[in-house]
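Student: Below, each chain spelled out in residue letters.
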Amino acid sequence: MPQRLPDRLHPPLARRRPCAALVLLLLLALSLSLFLGRYPHPYWMPPRLLHEDALAARLFFRLRLPRVLAAALTGGALAAAGLVMQMIFRNPLVSPGFLGVSQGAAFGAAFAILFLTSAPLAVQSSSALFALLGLLFSYRLARHLRYGGWALRLVLAGIAVSALFSSGVGLLKYLADPLRTLPEIVFWMLGGLWAIRWESLGYVALLTLPALLLLYLMRWRLNLLSLDDETAFSLGAEPVRERGLLLTAAVVATAAVVSVAGIIGWVGLIVPHLARRIVGADAQRALPASMLIGASFTLLCDDLARLLLAGEIPLGILTSLFGALLFAVLLSRGMIGGRR
Amino acid sequence: MTPILSLHDLHFRYDGPQGREALAGLSLALTAGTITAILGPNGAGKTTLLHTMLGRLRPTAGEIRFEGRPFSAYSRRELSRRIGLVPQSEHAAFEFSVLDYVLLGRTPYLGLLEVPREEDYRAAEKALATVGIAHLRDRTVTTLSGGERQMVMVARALAQRPRLLLLDEPTAHLDLSNRGRILGLMGRLRDEGFTVVFTTHDPNIAALVADEVILIRRGRVLHSGPRDEALTADRLGETYGLPVRVVQVDGHPIVLTQETSLSDEVDLDAQLG
Numbered sequence: 001m002p003q004r005l006p007d008r009l010h011p012p013l014a015r016r017r018p019c020a021a022l023v024l025l026l027l028l029a030l031s032l033s034l035f036l037g038r039y040p041h042p043y044w045m046p047p048r049l050l051h052e053d054a055l056a057a058r059l060f061f062r063l064r065l066p067r068v069l070a071a072a073l074t075g076g077a078l079a080a081a082g083l084v085m086q087m088i089f090r091n092p093l094v095s096p097g098f099l100g101v102s103q104g105a106a107f108g109a110a111f112a113i114l115f116l117t118s119a120p121l122a123v124q125s126s127s128a129l130f131a132l133l134g135l136l137f138s139y140r141l142a143r144h145l146r147y148g149g150w151a152l153r154l155v156l157a158g159i160a161v162s163a164l165f166s167s168g169v170g171l172l173k174y175l176a177d178p179l180r181t182l183p184e185i186v187f188w189m190l191g192g193l194w195a196i197r198w199e200s201l202g203y204v205a206l207l208t209l210p211a212l213l214l215l216y217l218m219r220w221r222l223n224l225l226s227l228d229d230e231t232a233f234s235l236g237a238e239p240v241r242e243r244g245l246l247l248t249a250a251v252v253a254t255a256a257v258v259s260v261a262g263i264i265g266w267v268g269l270i271v272p273h274l275a276r277r278i279v280g281a282d283a284q285r286a287l288p289a290s291m292l293i294g295a296s297f298t299l300l301c302d303d304l305a306r307l308l309l310a311g312e313i314p315l316g317i318l319t320s321l322f323g324a325l326l327f328a329v330l331l332s333r334g335m336i337g338g339r340r
Numbered sequence: 001m002t003p004i005l006s007l008h009d010l011h012f013r014y015d016g017p018q019g020r021e022a023l024a025g026l027s028l029a030l031t032a033g034t035i036t037a038i039l040g041p042n043g044a045g046k047t048t049l050l051h052t053m054l055g056r057l058r059p060t061a062g063e064i065r066f067e068g069r070p071f072s073a074y075s076r077r078e079l080s081r082r083i084g085l086v087p088q089s090e091h092a093a094f095e096f097s098v099l100d101y102v103l104l105g106r107t108p109y110l111g112l113l114e115v116p117r118e119e120d121y122r123a124a125e126k127a128l129a130t131v132g133i134a135h136l137r138d139r140t141v142t143t144l145s146g147g148e149r150q151m152v153m154v155a156r157a158l159a160q161r162p163r164l165l166l167l168d169e170p171t172a173h174l175d176l177s178n179r180g181r182i183l184g185l186m187g188r189l190r191d192e193g194f195t196v197v198f199t200t201h202d203p204n205i206a207a208l209v210a211d212e213v214i215l216i217r218r219g220r221v222l223h224s225g226p227r228d229e230a231l232t233a234d235r236l237g238e239t240y241g242l243p244v245r246v247v248q249v250d251g252h253p254i255v256l257t258q259e260t261s262l263s264d265e266v267d268l269d270a271q272l273g
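Protein chains in written order, with this note's numbering: chain A, 1 to 340; chain B, 1 to 273.
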């Protein structure tokens, strides 16, 4: 009998409680966020104003509520998409931003704004289409690269495709009308939720929620698809088809939120790592945990975006700031990556 | 008696301009409840053959039957409940617990949207116990040694409850004690009624554990039969293309090449495992 070695233990039952705690955290963040803002005074709106002040009530229901929900949905979708991509590409360092999806979506949106119309549905469809194209290009290119292993090739191909699309976005910006269309495109590059109303939230939810539901339902299957192809096949899966299905759902969710929120960086990369650290690698728990942490993280960043200055700070700047800081901390403590 | 798996005149050619014929008219039949070694030099087509038996590679010509029914009569899921694979090695990118990993063996019994139930957890725990690694249950797979990881992969294949278990070069990355452990386990599995097939390029591994040996070279079967009939100096010499000596130690044939013969006293213990 081999000797039992001391090791970090992952008893499955002890891992249920963190998910309940994360639900509570999100509910707390949601209810707190509704009363944070700069009306009538900076930082805090007393709840009684909802009855006393008609303007406060309108602000609350027409602007703040959809925006807070959109922030949570954006964060949850990006984090879930990030986890799914990390698992099916078997690489803990990929995220939607690394595979040409975000830049593709941005290009699609800028393209629609410039040459078609800035109606939300057109912009969303165009950005979703180009997001998918970005991913396809990255995937095809990675297959043809003659350098490094599969994971490295994917990242390299993603960098090349992202750069291609972002130079395309640059060109479109150059061609855009500086008064009319340019500001709309610039909004993309920074990312923010100030334009969210119920209608735009509805568009996003229509695409994002079914995609997230599918990812959630297939959460256990995700574990299987993170294994080598031959193993997944021997266990009765059809790896190529099933990965394609999950990837499509992840890209649709990403493209939908990116099309209204712009590029919100780092959530998709850092949150899945945090989630795995808390609940373990099993996607049964890591996927819901990623959604919950991503939603809370983005929501709190958006609160800061609304609160800190008299004018808004673009949300993408804050998520990148905190995401990168967190990444540096996790990385320096050896908490990123599974191989050792 | 119908063989558990039979292959008739199998051909397989890899795609691409220099695609060579990896299987060139290969026929064989596996007897249920035995350990069969597929033995041959590197590049003989062993892994191709194993993946064809798994159903992952579709032969360009020929037919495979499982318990008398052609492969095409089974769905992917039905086949995965009958044939399990223990890959040569596996890259684990995420820190799954051993139990979670073995639980993946229950996939053939779960739908696309289902999560494992109580009985699946029980089957996984039972597989861990059968392999003798229940104590590893809560470890993370990334912290395991090569030998432990091999055992975990066997447990996962057992959780699948297959009738036929395919092992791809099961001893390739293992040290002496782990090699002994996996060979012993294969014997126990055969005694419990599993049909075990493994590939190896080392005739001494085949000599230690196999009941039946299939010698292959260049995609063809040179000889197939009971171990002692297959592992003769003549047949092995033909398979590997070099003269070999076969000596008997404790009733097991030990195969020596000219080079190892010079120091066979020293090497015998190591060869025995």
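None of these hints come from the bench; they were simulated from the model. Everything numeric in this text was worked out from a predicted model, so none of it was measured. A portion of the hints provided could be inaccurate.
Said to hold, decoys possible - Over 12 Å on every C-beta distance to chain B, these chain A residues come out as not near it, computed from the model:
hint : residue
1    : Arg-38
2    : Gln-284
3    : Leu-304
Claimed, not checked - Covered stretches of chain B, going by a simulated chain A footprint (3 or more residues, C-beta under 8 Å):
hint : region
4    : 78 to 88
5    : 236 to 246
Claimed, not checked - Derived, one-sided and incomplete: chain A residues facing chain B with beta-carbon distance under 8 Å:
hint : residue
6    : Asp-53
7    : Glu-199
8    : Ser-200
9    : Trp-220
10   : Arg-221
11   : Asp-228
12   : Glu-238
13   : Val-240
14   : Gly-244
15   : Ile-278
Think of the CB as a built atom: it goes at the ideal place given N, C-alpha and C, for glycine as much as any other residue.
Student: A separate judgement is required for each hint: does it hold in the structure or not?
Tutor: We went through each hint and held it up to the structure:
1. Arg-38: holds (43 Å)
2. Gln-284: violated (6 Å)
3. Leu-304: holds (32 Å)
4. 78 to 88: holds (count 7)
5. 236 to 246: Coverage by chain A is violated for the region 236 to 246 of chain B (0 residues, Cβ < 8 Å).
6. Asp-53: Given a least distance of 47 Å, the restraint on Asp-53 (chain A) is violated.
7. Glu-199: violated (32 Å)
8. Ser-200: violated (30 Å)
9. Trp-220: holds (4 Å)
10. Arg-221: At about 6 Å, which falls below the 8 Å cut-off, the nearest Cβ of chain B leaves the hint on Arg-221 (chain A) intact, so it holds.
11. Asp-228: holds (6 Å)
12. Glu-238: holds (6 Å)
13. Val-240: Where the cut-off is 8 Å and the nearest Cβ of chain B is about 12 Å from Val-240 (chain A), the hint is violated.
14. Gly-244: violated (13 Å)
15. Ile-278: violated (12 Å)
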